[in-house]
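Given chain D, put chain U in place with the hints provided.
Okay, here's what each chain looks like letter by letter:
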Amino acid sequence: MKGKNLDTAWVSALSIATLLVAGYLYFHYFTPEWKGHQAEFRNMVEQRFGPARAAQVPSGIQQVWIPQLNRTDRCVTCHLGVEWKGLERAPEPYRSHPKGILEKHPVARYGCTTCHGGQGYAVTAEAAHATEIQHWESPVLGKQMARMYSVSNRLALLETHCNACHRYERETKGLEYINHARQLVRDKGCRACHAINGRGGVIGPNLTRIGEQSAEQYEYSRLSGRQSVFAWHLAHFKNPKQMAAESVMPNFNFGSKDSQALTLLVMSWKPNDYPPEYLPGLKFGDFPTQEEIEKEQRMLSGEGAFFVKKGCFICHEVSSLGIESAAKIGPDLALAVTDVQSRFGVTVDDFIKRPTGTMAVVLATQIQLTDAEKAEVIQKLQLAYQRKREQAATAAPSAK
Amino acid sequence: MDTTKTRSTGKEVWRRLTWTWSPAGSREAGDSVVRNFILHWFPAKVSLPSLSYGYSFWLGTVSAVLFLILSLTGMILMFLYVPSVERAYQSVKDIEFVVSFGWFLRGLHRIAAHLMVAVVFLHMVRVFLTAAYRNGAGANQARPLNWIIGVTLLLATFLLSFTGYLLPWDQLAFWAITVGTNIASAAPLVGEKIRFLLLGGNTIDQNALLRFYVLHCFFLPVLVLFLFCWHMWRVRKDGGLACVDHLALSQKKEPAAPVKAKTYSLLGLARGRTVHVETALVDEDRYTVDSSPNLTRRLLVATLATMLVCSLLTIAVPTPLEEAANPKVTPNPAKAPWYFLWLQELVTITTVQLGDFTINGALIGGILVPGILVALACAWPFLDRSSPAAVGVWLARERRRQNLVFLIIVAAVVILTIVGTFMRGPYWKFFWPWQAWPDVPVHF
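From first to last, the protein sequence lines stand for chains D and U. Counted the way my numbering counts, the first sequence spans residues 1 to 400. Counted the way my numbering counts, the second sequence spans residues 401 to 844.
Source of the hints: derived by calculation from the structure; they are not laboratory data. Misleading hints may appear alongside valid ones.
When the alpha-carbon atoms are kept at most 20 Å apart in a straight line, the in silico SDA-like pairs for lysine to any residue are as follows [stated by the list, open to error]: (1) Lys238/D with Pro271/D; (2) Lys728/U with Gln213/D; (3) Lys270/D with Trp503/U; (4) Lys35/D with Trp503/U; (5) Lys143/D with Lys728/U.
Computed footprint of chain U on chain D, listed as stretches where at least three residues anywhere in the stretch have a Cβ under 8 Å from a Cβ of chain U [stated by the list, open to error]: (6) 23 to 29; (7) 89 to 101; (8) 127 to 139; (9) 215 to 223.
Virtual Cβ for every residue (Gly too), placed ideally from N, Cα, C.
Looking at chain D on its own, in the form it has when it is part of the complex:
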């Protein structure tokens, strides 16, 4: 058959081509971008700290997995020096993370993208930083982005991510732009028209979740340049009517920094499913009523304040000093001087120093008193007894 040799040639050619493709795939597999970074980091560590430290450099894809925040951050595959000491001046991606902020926000608890943005899943710089790629909404908010929007503080953009957790605080240390914006919100009376976190007017849109609005939901026809939510808000804060002709929002003549700060603030206002322990300033719980708070304040300021501060009042009332107990499990401490004597056969003085029974456990665990405090409590108990007797003396004639 004529085609026979041709077919055999085809089989050979196609097999070789397939083999070459397989070779390419293996080459690609064995030479990923991150391997180069890991090798370079290891060399750097060896030169600076010696081979023993270099041997500690991990190899392979590294990740920080934080299920509570729904984060899988593989940034540390290349940014290997983040938690190392002594690499503060090393070039990126090997530099140590500034220390102060990292102590409060350890990588193991917060990951990287929670604060910095970027695509944590990715293991190439381009995909991970996501500043030039499509289909990842949260790019790394670093120098490049700050430069693009002419933000003078190159870390300012990050504050929008900080405020995802810190949004329920009035002021947060270190958040220059966000604090400035919060002040503007108070000073300019934004709540007159807008509801924020459940409080405010209804003339303007509710801003509580404004940050979750997608980029497609903004009208860009009046915006020149980059079509982004950030650019839209900037332009809108500078001149509301320019972006939305029908808007009744007054022009506050915000400057560049004001607009940038407000934009970062409103973009941070989006719902997230972070657990409450990640949200400072947000109090969940069974809070006391105003009446209860006032009562506690009263008790804390009177002669019996000691019994409140130390928690004695949880079980004992001190009736003569106006200290009430919700539980009243123990006897009234106003009568302790005589009561202890009759119950335990010792003086209050001795009992406090060498307690027995339940109080032995309580004073050894939950309420531990120093010697000075022991002296104070004896004195206070005697005072309470004295007041009780005085009260009885004044009450007795009136009873007659």
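Showing chain U alone in chain D's frame:
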């Protein structure tokens, strides 16, 4: 003499190096086909036109190879993918970034799926244009049945691809399925019910994802595998490709020398050729070759070529994964999978506002037109009245009119698909290829 001997020894050594085994004679070649489970799909001998690239373009084989690639890559992906709303997208990201060769597996699966839709469609076009859905010269043929099996296979391929489209759970997936299932719900009476059944509810959520997953990974592949086996078995029972029928018919017209045969019948004494000469001799050596290794070798060429093309496309064309599915944000434009875009385009064209009255485009473009086309396709073998001489012949003269109508329909589908895919931008506005679409807005 010595040189010839050396050359033949060299040839033998080369043959042994390149082929582990090749039959020494016709008998061994035939035996190999009968004894081998996979090869028993093939006849012992195969006609030259069936083997040629030019007649069938091997599109059926390529479809089967694509299905094989899809099954293999799909089975591996099943170990890596989690069909849950919370984790599907993440698991695809993991496949993309950290699973060894994961990006390639996923890309290969995607490319092969797209190609399979295209190749199965082209295979159908080839079968129509060669009238291969018609019975020819052989006994007990049921080619119309096999054509209907083929049409069902095409529909099953669409469904396989469509159900797979949702699984990455990104914006592309979510909204393509939204458009697709909304078109399906326009069917009269049962439309809404079909959508509810398919999605396991009224919205695309966990139930829909799980249903699509089970359909995609089990029921539809099993259906395709079953139909494919039936399809192949029918090809054998129908006497091979339709071009063999044409060969058999045309042979009769060839003048041939009388065959030496022990025929002493009255007919044998008649002038001219004997009855034996008139018998179709498609098994004759000049028309056929042994299937092993001629057919198997060419099968290997088709398989390798398909795998290579898929691999190269996978490397060259990045596999998209958009943002995670977000029911609150509709991308603009929201498009169905590309092979349904001709329907989406038809829906747009046929949605007409006449005063207060709106013509329901989804019903016309989404249900009636494709419904009629499928029904017509299934009925056509019984309506086609052309002569058996047209069977197995490309663009036969006597079928000129029906081929023309068919090609116009195919061209319309292709053009509408191209328009829908490349020329429809935001708000489904028309854009020429040289016109830039507006930028897609971003957060930062």
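field: chain U over the segment 23 to 29 of chain D, status - at least 3 residues with CB closer than 8 Å
entry: It holds: at least three residues are needed, and the segment 23 to 29 of chain D offers 3 whose Cβ sits within less than 8 Å of chain U.
- prompt: Holds or violated: Lys238/D with Pro271/D, Cα cutoff 20 Å?
  reply: violated (26 Å)
Stated coverage of the segment 127 to 139 of chain D by chain U [criterion: 3+ residues, CB within 8 Å]: holds (count 7)
query: Do the alpha carbons of Lys35/D and Trp503/U lie within 20 Å of each other, as the hint requires?
result: holds (18 Å)
Proposed proximity, Lys728/U with Lys143/D (alpha carbon, max 20 Å): violated (32 Å)
- prompt: Between Lys728/U and Gln213/D, is the straight-line Cα distance small enough, at 20 Å or below?
  reply: Holds - the C-alpha atoms of Gln213/D and Lys728/U are around 9 Å apart, at most 20 Å.
- request: Apply the coverage criterion to the segment 215 to 223 of chain D and chain U: a residue qualifies when its Cβ sits closer than 8 Å to a Cβ of the chain, and three qualifying residues are needed.
  value: holds (count 5)
message: Given the hinted pair Lys270/D and Trp503/U, is their Cα-Cα distance within 20 Å?
response: Between Lys270/D and Trp503/U the Cα gap is close to 33 Å, so the pair fails against 20 Å, i.e. violated.
Outcome, coverage of the segment 89 to 101 of chain D by chain U - at least 3 residues whose beta-carbon is closer than 8 Å to one in that chain: violated (count 0)
The structure fails hints 1, 3, 5 and 7 (numbered hints given earlier, in ascending order).
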